[in-house]
Amino acid sequence: MSDFPKLEQAVTDGLPRSEQEPAPPPEPADTNEELPKVGYCKPPKQHQFKKGESGNPRGRPRGSINHKTTVLRSFEEEILAESRRLVAVGEGDTLMYLTVQETLARLIVDGALKGDKFYVKLTQQVVTAAQKKEADEKRGLMEAALAYKDKWEFEYERLIRQGLPVPLPHPDDILIDPVSGDVQIVGPTTKEQKAAMDELVRLLDAHIARFEDPKSLWYASPEMRRQLRRRQLKVIQKWNNKLPPRLRRTFDESIDRPTDEDWAEGWAEDDDPATDGHPARDDPSR
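Heads up: the sequence shown at position 120 corresponds to 120 in full-length UniProt numbering, and the numbers run straight through without jumps.
Keep in mind that the hints are not guaranteed to be accurate.
Pairs of lysine to aspartate or glutamate residues, derived as DMTMM-like cross-links and limited to a Cα-Cα distance of at most 25 angstroms, are as follows [claimed, not checked]:
1. Lys-138 x Asp-172
2. Lys-238 x Asp-172
3. Lys-234 x Asp-205
4. Lys-117 x Glu-102
5. Lys-45 x Glu-78
6. Lys-238 x Asp-205
Pair ranges (Cβ atoms, derived) [what the hints assert, rightly or not]:
7. Glu-157 x Glu-253: 29 to 35 angstroms
8. Glu-157 x Glu-137: 27 to 33 angstroms
9. Pro-167 x Arg-106: 41 to 47 angstroms
10. Arg-249 x Pro-214: 17 to 23 angstroms
11. Asn-241 x Gln-131: 31 to 37 angstroms
12. Glu-91 x Leu-200: 24 to 30 angstroms
13. Gln-131 x Arg-161: 41 to 47 angstroms
14. Glu-137 x Lys-194: 23 to 29 angstroms
15. Glu-155 x Thr-128: 37 to 43 angstroms
16. Ile-185 x Gly-92: 39 to 45 angstroms
17. Arg-106 x Asn-241: 36 to 42 angstroms
18. Ala-195 x Thr-99: 36 to 42 angstroms
19. Glu-157 x Val-89: 53 to 59 angstroms
The set of hints was computed from the structure by calculation and includes no laboratory data. Every value quoted in this text rests on a predicted model; they were computed, and no experiment measured them. We put the CB at the ideal spot given by N, CA and C, even for glycine.
Can you make the complete structure from the sequences, with help from the hints?
Right under this line is the structure:
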């Protein structure tokens, strides 16, 4: 009876697989054992970093140099950047620093002066194109300035009378040279500049009034009056020249007035000579 299982096994091994008895199912796994969690930031255990080993064993080699990341620019931008670079240029015993653009312009002109036909033709073409561009820009600026003056010449005064905001610059502050075609703006172009100019006009009028007052320097001797009036005149002229022509003041610029007789007559007409005529006492804000 002990040989019966071996005989049964031999018979079974000789049969085809389809006629053999099916293998018993595997035993169920223990459900109490917890499976490792795999997901975001939790790779499988076999792919996790191991302590003491580099996560990038084939990284940057030892001794390599850090290079800044270069921003890709167009070829035109590269050429412009190079044209502004300073280079040392010797002229006789003098060493000067010029931009690459200035150096190339000198080389072209020097070649033309030496009689090189290529550089002569190139210089003529460049100069002609530059002159045409300058003339076109000047003509366009002059036409725009004339149109602006024609539009606001009479409208400006109406806006001021009605208390409405006015455009800047003032039409009279745009000066046009009819011969050369040059356009120059001599007045304020922003609100901040206009406010500063208005304050300058106020201070200038106050200085002129004090300068023309025959009794403003009553306390000084004749020689001292001349010195003080000469200083006042310099300040007034300096401030007056900063204003556009339409706002410049005209006044009596004589320094040697009034005479001693005028001083005596002025004092005689004063009711209170102790206070009248003195700028520090006449001005209540001081």
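Okay, the hints, checked on the actual structure:
no., hint, in the structure
1, Lys-138 x Asp-172, "19 angstroms, holds"
2, Lys-238 x Asp-172, "21 angstroms, holds"
3, Lys-234 x Asp-205, "14 angstroms, holds"
4, Lys-117 x Glu-102, "21 angstroms, holds"
5, Lys-45 x Glu-78, "52 angstroms, violated"
6, Lys-238 x Asp-205, "13 angstroms, holds"
7, Glu-157 x Glu-253: 29 to 35 angstroms, "30 angstroms, holds"
8, Glu-157 x Glu-137: 27 to 33 angstroms, "31 angstroms, holds"
9, Pro-167 x Arg-106: 41 to 47 angstroms, "45 angstroms, holds"
10, Arg-249 x Pro-214: 17 to 23 angstroms, "18 angstroms, holds"
11, Asn-241 x Gln-131: 31 to 37 angstroms, "34 angstroms, holds"
12, Glu-91 x Leu-200: 24 to 30 angstroms, "46 angstroms, violated"
13, Gln-131 x Arg-161: 41 to 47 angstroms, "46 angstroms, holds"
14, Glu-137 x Lys-194: 23 to 29 angstroms, "27 angstroms, holds"
15, Glu-155 x Thr-128: 37 to 43 angstroms, "41 angstroms, holds"
16, Ile-185 x Gly-92: 39 to 45 angstroms, "42 angstroms, holds"
17, Arg-106 x Asn-241: 36 to 42 angstroms, "39 angstroms, holds"
18, Ala-195 x Thr-99: 36 to 42 angstroms, "39 angstroms, holds"
19, Glu-157 x Val-89: 53 to 59 angstroms, "56 angstroms, holds"
Consistency note: the structure conflicts with the earlier hints numbered 5, 12.
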